[in-house]
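Enquirer: Each chain is listed here by its residues.
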Amino acid sequence: MHETSLAMGLLDSLNQMAEKEKAKKVLKVRVKIGKLSGIVVDSFVFAFNALKEQFPKLAGAELIVEETPILYRCNECGKEFEVETVFFPECPQCGSINLKLLSGEELEVVDAEIEV
Amino acid sequence: MCDVCGCGQHDHSHEHDHFVVSDDTTKRNVEIKKSLLSENERVAQSNREHFDRHGILAINLISSPGSGKTTLLEKTIEALKNELKIGVLEGDIETERDAERVRAKGAAAVQLTTGGACHLEAPLVHKGFHALEKQMDGYPDVLFIENVGNLVCPSSFYLGEHIRVVLISVPEGEDKPAKYPKAFKTSDVFIITKSDLLPYFDFDVEKVKQEALSLNPNLKVFVVSAKTGEGLEDWFNFLREKVSEKKGEKVSGG
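Protein chains in written order, with the working numbering: chain A, 1 to 116; chain B, 1001 to 1254.
One chain only, chain A, in its complex shape:
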């Protein structure tokens, strides 16, 4: 349920950005959400679209979500691999659990397209 708070926070910050850049409106915004971030993308998009009407400059904004995979690199053998679950990951090549997380925790606003 915290997707709603995050969507509201995003809209607030976009609105501030639109004021600062003297934009007439915001057309698109791109965000990266990792599969380990704990965000349900569908809920986030739903909340964004439901709340954007409150901001005249954002009412037509399209939200583009890039979901980033959970990617690890093995510190023992160097193998890079993707997994679907957070639990007990181990290297598929050498079985080590000494791993470095390369991606999956992203929660980032990348950029926005505005009309000035």
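Just so you know, these hints were derived from the structure itself, not from any lab. Please read all numbers here as calculations on a predicted model, not as lab measurements. C-beta: ideal position from N, C-alpha, C; glycine also. Any given hint could be a false lead.
[As the list claims (entries may be wrong)] Using C-beta positions, here's what the derived DEER-type ranges look like:
(1) Lys1034/B / Leu102/A: 18 to 26 angstroms
(2) Ser96/A / His1130/B: 47 to 55 angstroms
(3) Arg1053/B / Cys94/A: 44 to 52 angstroms
(4) Asp111/A / Glu1249/B: 34 to 42 angstroms
(5) Phe46/A / Asn1237/B: 43 to 51 angstroms
(6) Ala50/A / Val1205/B: 42 to 50 angstroms
(7) Lys1207/B / Ala50/A: 41 to 49 angstroms
(8) Glu1094/B / Leu102/A: 38 to 46 angstroms
(9) Val1221/B / Pro69/A: 28 to 36 angstroms
(10) Gln16/A / His1130/B: 18 to 26 angstroms
(11) Asp1137/B / Pro69/A: 48 to 56 angstroms
(12) Lys1207/B / Cys77/A: 28 to 36 angstroms
(13) Phe46/A / Lys1179/B: 22 to 30 angstroms
(14) Ser103/A / Val1221/B: 25 to 33 angstroms
[As the list claims (entries may be wrong)] Pairs of lysine-lysine, BS3-like flavour, derived with a Cα cap of 30 angstroms:
(15) Lys1034/B / Lys32/A
(16) Lys32/A / Lys1182/B
(17) Lys1250/B / Lys1220/B
(18) Lys100/A / Lys1185/B
(19) Lys57/A / Lys1027/B
(20) Lys1027/B / Lys24/A
(21) Lys79/A / Lys1185/B
With chain A fixed as given, assemble chain B onto it according to the hints.
Expert: Just chain B now, with coordinates in the frame of chain A:
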């Protein structure tokens, strides 16, 4: 010169292959590169600096509803109120009940009602802490922030705490670390509560510990019962030690 694109041509029938004319000239891309949580994190960081400046140890308690966060606080206050100044921020969706419970044990407490939100955020903690300062007419040695009962959302919101504690009660079952990994990955301490009920439930303490530690090898684990008092002394000693470490940092840091 053409004032649209500066191409030196007045005949716009030619191909502008180096430039997109028409409506697109009014469009612009703005790089943002900010975390979705950046506003929360900014306020959390300022909370943390405020706590550090006054030598306050801040602890964020996270669990499902009914795991015994408030009961553990009641026992902690009873045991430590004569040696430590204790302040509590109580997060709930509605009601003042938990703040009343801990006040009755002798701690200062401010209730934070989120009005529907399933977690606390840093700005509400900031506001609540200032109210607590007024109530105490000074600063606590240790601040407990009891989050809204929920094992999911609170783990995404840093509040400025030094120590994050996740609690699981025996009746909740031993699969909680596996099902709610983020709460365990982001915590420093794991407390298993209601250990007096172990004879009645299939709850393998060692297995749960191992699962939690495989998610986060740095977790410090306590097994306690507020009913029998089992394990509480270890928890109190841990708090005493951390509070005095924090005081020491303040002294050495000026």
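Enquirer: Taking the hints in turn, state whether each one holds.
Expert: Structure-based check of each hint:
| no. | hint | result |
| --- | --- | --- |
| 1 | Lys1034/B / Leu102/A: 18 to 26 angstroms | holds (21 angstroms) |
| 2 | Ser96/A / His1130/B: 47 to 55 angstroms | holds (49 angstroms) |
| 3 | Arg1053/B / Cys94/A: 44 to 52 angstroms | holds (48 angstroms) |
| 4 | Asp111/A / Glu1249/B: 34 to 42 angstroms | holds (40 angstroms) |
| 5 | Phe46/A / Asn1237/B: 43 to 51 angstroms | holds (47 angstroms) |
| 6 | Ala50/A / Val1205/B: 42 to 50 angstroms | holds (44 angstroms) |
| 7 | Lys1207/B / Ala50/A: 41 to 49 angstroms | holds (42 angstroms) |
| 8 | Glu1094/B / Leu102/A: 38 to 46 angstroms | holds (42 angstroms) |
| 9 | Val1221/B / Pro69/A: 28 to 36 angstroms | holds (31 angstroms) |
| 10 | Gln16/A / His1130/B: 18 to 26 angstroms | holds (25 angstroms) |
| 11 | Asp1137/B / Pro69/A: 48 to 56 angstroms | holds (52 angstroms) |
| 12 | Lys1207/B / Cys77/A: 28 to 36 angstroms | holds (29 angstroms) |
| 13 | Phe46/A / Lys1179/B: 22 to 30 angstroms | holds (24 angstroms) |
| 14 | Ser103/A / Val1221/B: 25 to 33 angstroms | holds (30 angstroms) |
| 15 | Lys1034/B / Lys32/A | holds (10 angstroms) |
| 16 | Lys32/A / Lys1182/B | holds (19 angstroms) |
| 17 | Lys1250/B / Lys1220/B | holds (24 angstroms) |
| 18 | Lys100/A / Lys1185/B | holds (14 angstroms) |
| 19 | Lys57/A / Lys1027/B | holds (14 angstroms) |
| 20 | Lys1027/B / Lys24/A | holds (10 angstroms) |
| 21 | Lys79/A / Lys1185/B | holds (23 angstroms) |
Every hint, counting from the list given before, is met by this structure.
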